[in-house]
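Asks: Heads up: the protein sequence lines correspond to chains Z and W, in order. The first sequence begins at 1 in full-length UniProt numbering and counts up one residue at a time. The second sequence begins at 1 in full-length UniProt numbering and counts up one residue at a time.
Hint data in this document are derived by calculation from the structure and do not stem from the laboratory. We treat Cβ as the ideally placed atom computed from N, Cα and C, and that holds for glycine. Take these hints with a grain of salt, some might be off.
Said to hold, decoys possible - FRET-style restraints, in silico, Cβ to Cβ:
{"no.": "1", "chain 1": "W", "residue 1": "Val265", "chain 2": "Z", "residue 2": "Leu71", "range": "58 to 64 Å"}
{"no.": "2", "chain 1": "Z", "residue 1": "Asp523", "chain 2": "W", "residue 2": "Ile157", "range": "56 to 62 Å"}
{"no.": "3", "chain 1": "Z", "residue 1": "Gly41", "chain 2": "W", "residue 2": "Ala128", "range": "17 to 23 Å"}
{"no.": "4", "chain 1": "Z", "residue 1": "Arg48", "chain 2": "W", "residue 2": "Ile157", "range": "46 to 52 Å"}
{"no.": "5", "chain 1": "Z", "residue 1": "Gly41", "chain 2": "W", "residue 2": "Ala145", "range": "23 to 29 Å"}
{"no.": "6", "chain 1": "Z", "residue 1": "Leu245", "chain 2": "W", "residue 2": "His34", "range": "30 to 36 Å"}
What the hints assert, rightly or not - Straight-line distance between alpha carbons at most 30 Å, and here's what the computed DSS-like set of lysine-lysine pairs gives:
{"no.": "7", "chain 1": "Z", "residue 1": "Lys7", "chain 2": "W", "residue 2": "Lys47"}
{"no.": "8", "chain 1": "Z", "residue 1": "Lys82", "chain 2": "W", "residue 2": "Lys177"}
{"no.": "9", "chain 1": "Z", "residue 1": "Lys82", "chain 2": "W", "residue 2": "Lys181"}
{"no.": "10", "chain 1": "Z", "residue 1": "Lys152", "chain 2": "Z", "residue 2": "Lys250"}
{"no.": "11", "chain 1": "Z", "residue 1": "Lys49", "chain 2": "Z", "residue 2": "Lys302"}
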Amino acid sequence: MSTDTSKVAASNGTNAAAPASKPTKAGAAANWADERLGLGGLSKFLSRKIFPDHWSFMLGEIALWSFVVLLVTGVFLTLWFKPSMAEITYQGSYAPLRGIDMSEAMASTLDISFDVRGGLLLRQVHHWAAMLFIASMMIHMMRVFFTGAHRKPREINWVIGATLLLLGTLEGFTGYSLPDDLLSGTGIRAADGFMMAIPIVGTYISFFLFGGEFPGDDIIPRLFTIHVLLIPALLLALIGAHLILLIYHKHTQWPGPGRTEKNVVGYPMVPNYISKMTGFFFITFGVTALLGAFFSLNPVWKFGPYDPTKVTAGSQPDWYMGWPDGALRIMPGWESHFWGSTWSWNIFFPVIVLPMAAWMVVLMLPFIESWITGDKREHHLLQRPRNAPTRTATFVALMTFYAGFWAAGGNDIIAIKFHLSINQITYFLRAFVFLGPIVAFIITRRWCISLQRHDNEKLLHGYETGTVIRTPEGAYHEKHLPLPEDEAFAMTVRDRGRAGEEPELKKNGKLSLRAKLRAFYYDHDVDKPTPEELSEAHHHAEHEAHALAAHEGHQVDGHDFDDHRHSAIEEPLSH
Amino acid sequence: MSSDLSEIEKHDDSHPELNAHTDALLPDPGMHEHHWRPTDVDPKAEKRAERQVSIFFGLSALCSVLFVVAYFTIKPGYDGDVWAGYGASNLALGASLGFALLFLGIGVIQWARKLVVDIEHSEDRHPAASSPATREVAVAELKAALQESGMARRPFIRNAMIGSAALLGLPAIVMLKDLGKTNAQITEEQPYAGAGLEHTVWDAGVRVVRDVVGTPIRPGDLEIGDLVNAEPSTIFDGSLHGAPLQIAKSKAATILLRMDPNDIVNDVTRNWSVNGIVAYSKICTHVGCPISLNERTTHHLLCPCHQSTFDLADHGKVIFGPAGRHLPQLPLGVDSDGFLVALSDYPEPVGVSFWERNTYDIDEIFDDWSKDHAADAEQYGYKEGGQ
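Using the sequences plus the hints, can you model the full thing?
Replies: Laid out in structure tokens, this is it:
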């Protein structure tokens, strides 16, 4: 991989020609380390690793860097936070609460907010980074699934990613519960209700976690240990594994000139990505710092200390906990009583069974898909979402399902802001979470199929130039021009027909479940044009171009209105 | 193992599976020729880029210094200076730190984009699976290891080792037992007043007092439509501190509502009321939020967390929302000094459902309560059919 750097920013090279006989200080240090650690091999392996470039590959990086911001700000916060439920009288500088009894956790949170310089900033940056961490994980996950990056050999990395999302959510919940303010205490109380609703073992789980009856005085120190030790350790380990697998598999890439399943085209880790990633870390940190400076978040002093007899109206958890809370809100109040026991389906189902089931489904998506399609090949080229209509529609349906519950989590806010009846919103959403995903599935799939047709149209007949030509007879034609070579090529790099082998019929001659699902998966999928169709279309285009040229009073090249975007290729299609 | 190997035989060094599924409809135009950037070929552009990068780094350094200045000059705290609705300290520190980081990041990215070599490379991929040769060696080594260790030949001690190692999980699990006492233990031992999920600190003759201030209430203090957050006087008598106090409050919180006695539609509710004053647990039977939103004209009580709605005129039954059970009602009476008192503890467990909860309908609850408490309750003016 010799690089022609003859012209690259000439000033870069002014010091490069140091005499080899006299090692530099850096060289001596590297030598010292290599003789003891053998770092040379690792450095050689990593430093020239190639990563492809695309804006959407940056989403996971936002998650990575916001996690680092969380570690840095979190360590600072532990210096002042006291995870204790011992009751003290607040004497800090926030006058409205002075003289009020509260836990040490709440009092130290107030101290961090008002008496430690920069403490409020740290709290807010930590909380904003947590929001960003979870949001970017979710968007990263959408990117991966919509582009087919979860396929073999990356299924395990998908599972790790889904686990990171679950752990991140739990980390967020344990974190915002720590200040022991009225809002978070209400959240913990609801969590106690969730645990109690688990049949048979629920009461035991609750009493073990709380060290006896709710609220007791153990829960904050225990959540603290979970929040600063247990989950972060798991997150770190899994993020490490996620990145090692990313490097081992090499990053996926979009189809394009010179990009195949057998190579990865892009820029090397050193110097390109190491510098871009470093810069991007500072930008992520900077953005969260500015958010912390300008946007107040979780003002615990306004809620006051936790009091089990009080509640604030409009009590809502952080946004990522919103969808199970919404499920809890719209669930009918089903409870059964048998033989002296109480079964709270109204709680157990929406907040325990549903989220775990949803997580399991997400976890299994790559395996379900490859089982249905029978596709066991390795994939390193990404797919556009339109080229896997059923997959895309499935995920959009799941997102619609999520969105319905998430909206339900704010049903009181919706009712107030839009002057609607909360009862009617609830009835509507009960239906929406079942019907919405079906409608979303159908629309998305048809949409994808239309886009596939449109792609074929563009391949065969070129793109619309916006130039309309009137013939002497009075007929109108729009002039089409062939797609640029790169774009046309990238469009054609996809499977023809169904992947995998056709499943065999069952012994009774009927289709197996897998065969039926496979037929459904590929139903209406539009194939790319055949070579015959392509060449015929090109001949046709040539004829048409000649015919139109005869009518044209002056030369219209079709680029009059498109900013000359395709100046490289001017001849009509001919192959 | 052998069947796995035969699967793998399909891979050979040419990796056919990596390129199996994209028939070339159009020829691959191949990687583009490299285009030199202005900064590569124009010394002026290069100097300009260098200048831009150094300006960003300079601005970043300036912001870091500003952070230190702001740290030492601006007081923190709620009472401190406020700029445009923001805490001055938080705003100054956050903005200076944020811009210091942002400018540094932008500088580095600008450097990477304008001055670092931007030549695309292509690197070969290999299938994720190890090559058949490697796999063969690995399997052979594993087999040898198995042979040399005698694991296969001595199944008894192997199984004994696995079994004893597995049993080491027991101490770890057993240790968790003392995380907390169970509900059954706490209920039996009564380490503090009203311990256990089936009980609260309410008891016969305990005065109903106002939340926060702790003053007792006479029936005449309430007008029709008044809602009062109440507690048992036990909360204020100084006998409970720390966790037991919090636990007591979390279960005993009560709502008093006075309504027109003719509005009460349920006999049990009427029996346990005094002059149209009814008392219900404030703890939602759904997931335990304290309920607080009262619809004055309908006697409906709405939980702000998940919108369960209860009808206080009709034994607190659920009329909307996800709650599965009615709100427990506290039987009320009046003591010899004319203050409202409880006739007993809540006749059923308050708050969230739990698996061991024995749940009855309201008439059964009332019958049981009558057997145990009706006679004692007469001293507080209780009379079935109305007081």
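Asks: Honestly, do Gly41(Z) and Ala128(W) meet the 17 to 23 Å range at C-beta?
Replies: Taking Cβ atoms as reference, Gly41(Z) and Ala128(W) lie about 21 Å apart, which means the hint holds.
Asks: Assuming the hint says 56 to 62 Å, is it satisfied by the Cβ distance from Asp523(Z) to Ile157(W) or not?
Replies: holds (58 Å)
Asks: Would the pair Lys7(Z) and Lys47(W) pass a check requiring their Cα atoms to be no farther apart than 30 Å?
Replies: holds (14 Å)
Asks: Are the Cα positions of Lys82(Z) and Lys177(W) separated by 30 Å at most?
Replies: holds (26 Å)
Asks: With 46 to 52 Å as the target window, see if Arg48(Z) and Ile157(W) comply at their CB atoms.
Replies: Between Arg48(Z) and Ile157(W), where Cβ atoms are some 50 Å apart, the hint holds.
Asks: Holds or violated: Lys152(Z) and Lys250(Z), Cα atoms, limit 30 Å.
Replies: holds (13 Å)
Asks: Between Val265(W) and Leu71(Z), does the beta-carbon spacing fit 58 to 64 Å?
Replies: holds (59 Å)
Asks: Take the C-beta atom of Leu245(Z) and the C-beta atom of His34(W), compute their distance, and say whether it sits inside 30 to 36 Å.
Replies: Hint holds: Cβ distance 31 Å, inside 30 to 36 Å.
Asks: Holds or violated: 23 to 29 Å for the Cβ distance of Gly41(Z) and Ala145(W)?
Replies: This hint holds: roughly 26 Å between Cβ atoms.
Asks: Quick one, are Lys49(Z) and Lys302(Z) close enough, alpha carbons at most 30 Å?
Replies: violated (51 Å)
Asks: Does the structure keep Lys82(Z) and Lys181(W) at a Cα separation of 30 Å or less?
Replies: holds (25 Å)
Figure legend: structure checked against the earlier numbered hints; the only hint not met is number 11.
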